[in-house]
Amino acid sequence: MTTIRSTAAEMAAALAAGTTTSVELTNAHYAQIEKVDGAVHAFLHLDKEGALAQAEAVDAKRKSGTEMPPLAGVPLALKDLLTQKGVPTTCGSRMLEGWRPPYDSTVVSKLKAAGIVILGKTNMDEFAMGSSTENSAYGPTHNPWDLARIPGGSGGGSAAALAAFEAPLAIGSDTGGSIRQPAAVTGTVGVKPTYGGVSRYGLIAFSSSLDQAGPCARTVLDAALLHEVIAGHDERDSTSINAPVPQVVKAAKKLDVKGMKIGVVKELQGEGFQSGVLSRFHESLDALVSAGAELVEVSCPNFDYALAAYYLIAPSECSSNLARFDSMRYGIRVGDNGERSAEEVMKLTRHEGFGPEVKRRIILGTYALSSGYYDAYYGSAQKVRTLIMRDFNAAFAKVDVLVSPTAPTTAFKIGEQVDDPLAMYLNDIATIPVNLAGIGGMSVPCGLAAEDGLPVGFQIMSPAMRDDLMYQVGGTLEAALLSKWGAPILDKAPVLVGN
Amino acid sequence: MSGISREDVAHLAKLARIEMNDAELDHLAKEMDVILGAVARVQEVAASDVPPTSHPIPVNNIVREDIVRPSLSPEEALSGAPAQSEGRFKVPQILGEE
Amino acid sequence: MALNYDQAVAKYEPTLGLEVHVELNTKSKMFCSCATEFGGAPNTQTCPVCLGMPGALPVVNGRAIESSILIGLALNCSVAPFSRFARKNYFYPDMPKNFQTSQYDEPICVNGYLDIEIETDEGLKAFRVEIERVHMEEDTGKSLHVGGATGRIHGADYSLLDYNRAGIPLVEIVTKIVGGTGKYAPQVARAYVTELRDILRSLGVSDVKMEQGSMRCDVNLSLAPMGSGALGTRSETKNVNSLRSVERAVIGEVIRQSNRLESGERIVQETRHFLEESGQTRPGRSKEQAEDYRYFPEPDLVPVVPDSAWIEELRSTLPEKPSTRRARLQADWSVPDKEMTSLVNAGLLDVVEETIALGAEPTRARSWWLGEVSRLANEREVDPTTLITSAQVAEVIALIESGDLTDKLARQVVEGVIAGEGNPSAVIAQRGLKVVSDDGALMTAIEAAIASQPETAERIRGGNIPAAGALIGAVMKATGGQADAAKVRELLLKHLGQ
Ligand SMILES: [Mg+2]
Ligand SMILES: [Zn+2]
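Protein chains in written order, with my numbering: chain A, 46 to 544; chain B, 198 to 295; chain C, 420 to 917.
Hints are computed from structural coordinates only; laboratory data are not their basis. Some hints here could point you the wrong way.
Stated by the list, open to error - Below are the DSS-like pairs computed for lysine-lysine, each with C-alpha atoms no more than 30 Å apart in a straight line: (1) A/Lys130 - C/Lys446; (2) C/Lys561 - B/Lys287; (3) B/Lys211 - B/Lys227.
Unchecked claim - Interface residues of chain C toward chain B, partial, derived using beta-carbon atoms under 8 Å: (4) Thr463; (5) Leu580; (6) Asp581.
In this text, a Cβ means the ideal position worked out from N, Cα and C, and glycines have one as well.
Start from the sequences, fold in the hints, and give me the full structure.
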């Protein structure tokens with residue numbers, strides 16, 4: 046029987062077999078959302094009418110005998126930073142309150158074409174800046190494993206929706222770990238594809254040279270199925286890769302890593318990493334060795350500078366990307382009393398419309414790009430980027446993929462790090478090098494930390510345009526751990542009850 | 198590297214068009230000091246012989262054919278405008294214009 | 420005592436710098452597929468990209484890149500093996516993203532030159548203007564200001580924005596410092612812009628209409644005491660939108676700056692606006708204290724790396740150089756140097772060539788355009804080519820050649836055409852401007868003249884031929900100027916036995 050706890054692949058099979066309908070599935074998920082989202086707050090907006098209309102259309106088409114794409118009729122939760130025509134898109138910011146974009150992002154166009162039903166828009170740190178979803182202007186999302194804890198960020202809403210069975214699939218975006226770190230702390234799967242693998246058209250930019258949308262799911266295969274829907278060349282994104290999409294579904298089904306060389310990054314373990322995180326990580330390495338992989342320790346010495354480079358590059362680019370939010374053409378407008386000038390109204394609007402973290406990064410980026418400081422900050426950060434890419438290239442000359450824990454800790458308590466930006470930034474220490482180099486990265490659940498019983502993520506990094514390799518390793522690890530545990534990790538999560 | 202003053206932050210806030218009161222400026226100046234102190238370490242390894250990377254995937258010459266495609270309707274273009282008039286975006290007085 | 424221009428250039432040495440913005444005539448915008456056509460209803464040529472909507476991304480128009488390379492090649496530049504777009508960050512409501520996608524330290528073409536000729540007291544003189552760079556960027560939207568012009572009236576002042584022009588491809592052509600012009604700075608500036616316009620027009624990459632803003636010139640000017648070899652503080656004059664204005668703006672700034680210096684004041688480095696009516700400049704919008712554009716490479720676009728095959732292919736499509744063409748036309752028409760330069764500097768070469776191609780005799784075509792039409796254009800302070808077409812001038816000349824119009828009548832016809840009375844034939848019909856060539860009608864008028872001045876007639880009969888002028892004048896007056904004076908003279912003298 047298909048339930049909301051089924052995988053997307055199972056739902057797709059049931060739809061194809063005619064044992065369920067998209068309308069049924071969609072309604073079941075809205076019922077779950079109704080039940081638990083008051084506590085989780087994964088969604089910012091639900092598009093029931095649109096979703097059900099689409100579900101009905103898919104069902105009718107299927108009934109008429111039309112051959113349907115693999116995931117047609119399966120529901121999905123969309124991170125609120127991708128435009129969907131006519132549907133509120135806020136990026137978790139007050140700035141865009143009430144904005145309904147007049148166009149679809151390429152990712153949304155592809156989802157629609159694939160018959161995937163978009164349930165609604167998920168919560169996030171404002172403009173994707175954060176690692177806890179506490180920076181949303183609309184209140185935090187709660188981790189279904191422990192409602193007092195953060196679900197990671199910036200895509201905490203998408204990850205929590207999966208973990209709370211509010212949706213079987215979700216879309217996230219990953220600039221410094223915003224798909225992978227939430228996946229790690231919620232016990233779900235999250236993939237950051239190779240930069241350029243998925244079109245950025247309609248993805249509201251945070252840091253253009255780092256941003257990448259990607260699939261979120263509860264299994265590696267589900268993520269792969271969704272990956273193949275949203276990936277591919279787009280002529281509206283100049284940085285989109287014009288090459289065939291790696292065969293990630295095939296790779297996810299291989300369940301075999303015999304002869305593969307897996308590089309363990311020396312710099313991404315040890316100090317700063319929670320002991321329960323490290324022990325699950327090492328157990329997973331053992332599982333991969335048992336499955337026939339060879340482990341190689343590799344050193345990436347410049348990773349020590351990745352965080353610093355990231356916190357110069359991302360703020361610099363965001364200071365420019367977010368300049369357009371000035372109240373002239375869309376979004377809120379504050380202080381227009383008929384007397385103030387456009388400039389004054391811009392300043393007041395940006396004061397009210399942006400939260401503290403966004404302002405912090407805009408000011409930091411404005412500084413890093415200023416004449417006289419550019420070379421020392423932005424320029425130097427770009428050089429570090431080169432050095433990190435060299436580290437990766439050297440490592441990939443020796444191994445097929447690289448691995449590390451996804452995040453140094455399990456989910457922390459809401460409010461615990463809000464006043465310490467530097468501590469907050471450390472959550473992304475293991476995920477950031479992937480974004481700087483533009484390569485692929487994936488987080489797969491690898492168990493619960495003994496000390497707190499919370500999920501731990503295992504990160505797999507693959508060379509650019511070889512996303513298939515991380516799916517192959519991730520799928521194999523997932524299968525090995527599942528046979529060890531006997532049940533999916535989310536079965537261990539507390540069952541949420543409505544209030 | 199530290200020593201970001203409140204005046205420095207005020208100048209940056211002006212460049213970034215963000216209104217900030219004194220308390221916000223003071224608070225941010227302190228935070229900037231800490232953060233810049235931490236990120237300045239990029240300079241340790243940024244040697245002159247290392248080329249900068251501004252784009253992770255090396256591709257060149259991506260261009261589009263010079264073909265006209267339909268624009269938005271003016272209603273769609275203006276759909277999010279906080280104020281509009283006569284098919285145009287209505288904005289507060291722009292200072293310093295002729 | 421205020422210095423006039425001649426006094427100013429006797430004491431100070433001007434240095435020029437010219438920045439010309441050209442709108443390319445591509446079908447679609449620089450970074451999106453919206454139409455570039457002029458005059459659409461507001462905001463009908465906009466999309467998420469050119470409105471700077473959240474999530475939208477730019478893609479470069481390939482034709483705009485080719486046009487930019489062609490411009491660089493025609494200006495003897497080298498095409499950069501690697502060039503990039505950069506973001507120029509500053510807030511302005513007419514700029515949707517609050518950054519302009521432009522080129523900064525990696526422009527598409529660099530280091531060229533343009534040779535021009537100017538008329539000097541010692542005759543024609545060649546002058547080389549060196550080009551610093553040619554780079555691509557995008558235009559902004561247009562704002563309409565509503566409400567009180569001065570002061571701020573509560574609830575009355577606001578602006579309306581139309582983004583149809585936002586994202587129109589622009590090419591900016593920047594000269595190096597142009598020194599050594601002496602008092603000829605205004606002529607050099609004008610000749611440079613004229614020559615540049617002709618080159619751009621011959622390339623077919625832009626409409627180059629200064630009056631419509633598809634070609635705009637910023638004039639940088641500084642003064643230094645004569646012989647000091649120093650470089651003064653410059654002003655940048657914007658909004659100079661005709662060839663004539665280029666010349667006037669230089670003159671205006673030389674006079675303004677020299678008088679400031681004379682009275683011991685400093686020149687402020689600033690942007691100024693050219694005032695068409697007075698030929699003077701006034702300070703432009705006040706810039707932020709420390710303008711800091713925070714340029715950085717545009718992460719949404721990839722580098723432009725033209726290979727030599729592409730460049731050579733483009734080079735092979737370069738049309739005949741305007742200077743070569745001028746030499747060819749000058750030989751064809753056998754025009755003296757000085758007149759050729761006048762034609763070129765007046766921007767009349769194209770229309771004269773067209774007029775000749777329509778059958779007009781070269782000397783007549785030149786003299787009509789450079790003479791009567793230019794005179795009328797000067798009176799009206801407009802470009803001669805906006806007043807009358809080549810076909811209309813050719814028609815007038817044909818009527819002169821066939822004897823249907825006298826020069827005097829032809830001038831009236833041209834006036835009528837310019838007044839909007841239609842083509843020459845319509846003006847002739849409406850104003851009744853036909854040469855009276857009917858011998859009978861002329862003889863009646865001649866006899867009447869003789870009758871009214873019998874003594875003059877006697878003198879002519881007696882051999883005093885010059886006295887005929889008075890009678891001819893009377894006949895011309897009687898026929899309303901429509902008689903052919905030569906014919907009248909011939910008939911009169913014959914009638915009086917001469
Ligand atoms: Mg410019
Ligand atoms: Zn457009």
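Verification of the supplied hints:
Note on A/Lys130 and C/Lys446: the hinted pairing holds, with a Cα-Cα distance of about 27 Å set against a maximum of 30 Å. At roughly 12 Å between alpha-carbon atoms, C/Lys561 and B/Lys287 fall within 30 Å of each other, so this suggested pair holds. For a cut-off of 30 Å, the pair hint linking B/Lys211 to B/Lys227 stands: about 18 Å separates their Cα positions. With a least beta-carbon distance of about 5 Å to chain B, the hint placing C/Thr463 at the interface is held under the 8 Å criterion.
Below 8 Å, beta-carbon pairs count as interface contacts, and C/Leu580 has one with chain B at about 4 Å; its hint therefore holds. For the restraint placing C/Asp581 at the interface with chain B, the shortest Cβ-Cβ distance is roughly 5 Å, inside the 8 Å limit, so the hint holds.
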